[in-house]
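A.B. asks: Single-letter residue listing:
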Amino acid sequence: NAGVTQTPKFRVLKTGQSMTLLCAQDMNHEYMYWYRQDPGMGLRLIHYSVGEGTTAKGEVPDGYNVSRLKKQNFLLGLESAAPSQTSVYFCASTIPGLSNEQFFGPGTRLTVL
Amino acid sequence: RKEVEQDPGPFNVPEGATVAFNCTYSNSASQSFFWYRQDCRKEPKLLMSVYSSGNEDGRFTAQLNRASQYISLLIRDSKLSDSATYLCVVPSGGYNKLIFGAGTRLAVHP
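Going down the list, the sequences are from chains A and B.
1 is the number of the first residue of the first sequence in this note's numbering; add one for each residue after it.
1001 is the number of the first residue of the second sequence in this note's numbering; add one for each residue after it.
Just so you know, the hints here were simulated from the structure itself, not pulled from any lab data.
These numbers were taken from a predicted model, which means no experiment stands behind them.
You may find that some hints are simply not true.
For the chain A half of the interface with chain B, some residues (derived, Cβ under 7 Å), not all of them [unchecked claim]:
#	residue
1	Y31
2	G40
3	G107
So the derived list for chain A, only partly shown, Cβ under 7 Å to chain B, looks like this [as the list claims (entries may be wrong)]:
#	residue
4	M41
5	G42
6	L43
7	V50
8	F90
9	T94
10	E101
11	F104
12	P106
Restricting the straight-line Cα-Cα distance to at most 25 Å, the calculated cross-link-like pairs of lysine-lysine (DSS-like) are [to be verified]:
#	chain 1	residue 1	chain 2	residue 2
13	A	K9	B	K1042
14	A	K71	A	K9
15	B	K1079	A	K57
16	B	K1045	A	K9
17	A	K57	A	K70
18	A	K9	B	K1079
19	B	K1097	A	K71
20	B	K1042	B	K1097
21	A	K9	A	K57
22	B	K1079	B	K1045
23	B	K1045	A	K57
24	B	K1045	B	K1097
25	A	K70	A	K9
26	B	K1042	B	K1079
27	B	K1045	A	K71
28	B	K1045	B	K1002
29	A	K70	B	K1079
30	B	K1002	B	K1079
31	A	K71	A	K57
Cβ coordinates follow ideal geometry from the N, Cα and C atoms, glycine included.
Put together the whole structure using the sequences plus the hints.
C.D. replies: Listed below in C-alpha cells is the structure:
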C-alpha cells in the first residue's frame, strides 16, 4: 500500500516551459487536493477534486490547470511556468466524512528559472 | 487578519522541557481543529484533532478556547524527535478542505 505518491520529486524548469505533476493514490479516496508551500506561508490550496471527472478552484488557481480522468490520479499542469511558481507542491487525498484528515504525498520541489 | 495565525518561532528548548504553541483563527463558526506535524522537507501528517474543549494524547495536549478563538498545543517532556514544524489547521467550507497556518518551528536540543 503506497498511499499517496508524487512524480517527479524534483524538477527545474525555465520560464515559459510547461510540465505536469502526477499524483496517485491507492486508497480509493474520493477527494484529492493540490497545494503549494512557500517559505513563511502555510500550505495554500491550488485546485481540488471531489471525484473522478470533477475539479474545482482553490485559493490560488491562476497559472495552473488540473485533471482527474481516473479516480486514483490527479494531475497538476503548468502551461507556461513563471519564477513565482517556484515552490514545493503537495498532493493530498481523503474520504468524505467527519474526519478532516488528509493524507499527503512526499511533495515535488519545483524551481523555475 | 489571516484566517489562521501562528507564532513562527523557532522555539529552542532542552530535552525534557514543556513547550506550548498558540494559534488564533478568524472563523468563529469553525467546529473542529487540527494540529499537523511536518518534519523538515517532508509532508505534513496529522498529529491531533480537537473537536470540543480539548484532547490529550500521551505527552501532547491540545486545548480550544472558542471565546477567544485560539487553540494551543502543549508538549510535555520534550524529546529530540519532537523537533519539527507544527501546523495549526482549520476546516474551510465543505469537501474536507483545510486552511493551514504557516507553522511553528520547534527545535529540541540535548
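A.B. asks: Taking the hints in turn, state whether each one holds.
C.D. replies: Do the hints match the structure? See the list:
no.	hint	result
1	Y31	6 Å, holds
2	G40	6 Å, holds
3	G107	6 Å, holds
4	M41	5 Å, holds
5	G42	4 Å, holds
6	L43	4 Å, holds
7	V50	5 Å, holds
8	F90	6 Å, holds
9	T94	5 Å, holds
10	E101	5 Å, holds
11	F104	4 Å, holds
12	P106	6 Å, holds
13	A:K9 / B:K1042	11 Å, holds
14	A:K71 / A:K9	22 Å, holds
15	B:K1079 / A:K57	40 Å, violated
16	B:K1045 / A:K9	18 Å, holds
17	A:K57 / A:K70	18 Å, holds
18	A:K9 / B:K1079	30 Å, violated
19	B:K1097 / A:K71	18 Å, holds
20	B:K1042 / B:K1097	20 Å, holds
21	A:K9 / A:K57	24 Å, holds
22	B:K1079 / B:K1045	18 Å, holds
23	B:K1045 / A:K57	24 Å, holds
24	B:K1045 / B:K1097	15 Å, holds
25	A:K70 / A:K9	21 Å, holds
26	B:K1042 / B:K1079	19 Å, holds
27	B:K1045 / A:K71	22 Å, holds
28	B:K1045 / B:K1002	22 Å, holds
29	A:K70 / B:K1079	43 Å, violated
30	B:K1002 / B:K1079	31 Å, violated
31	A:K71 / A:K57	18 Å, holds
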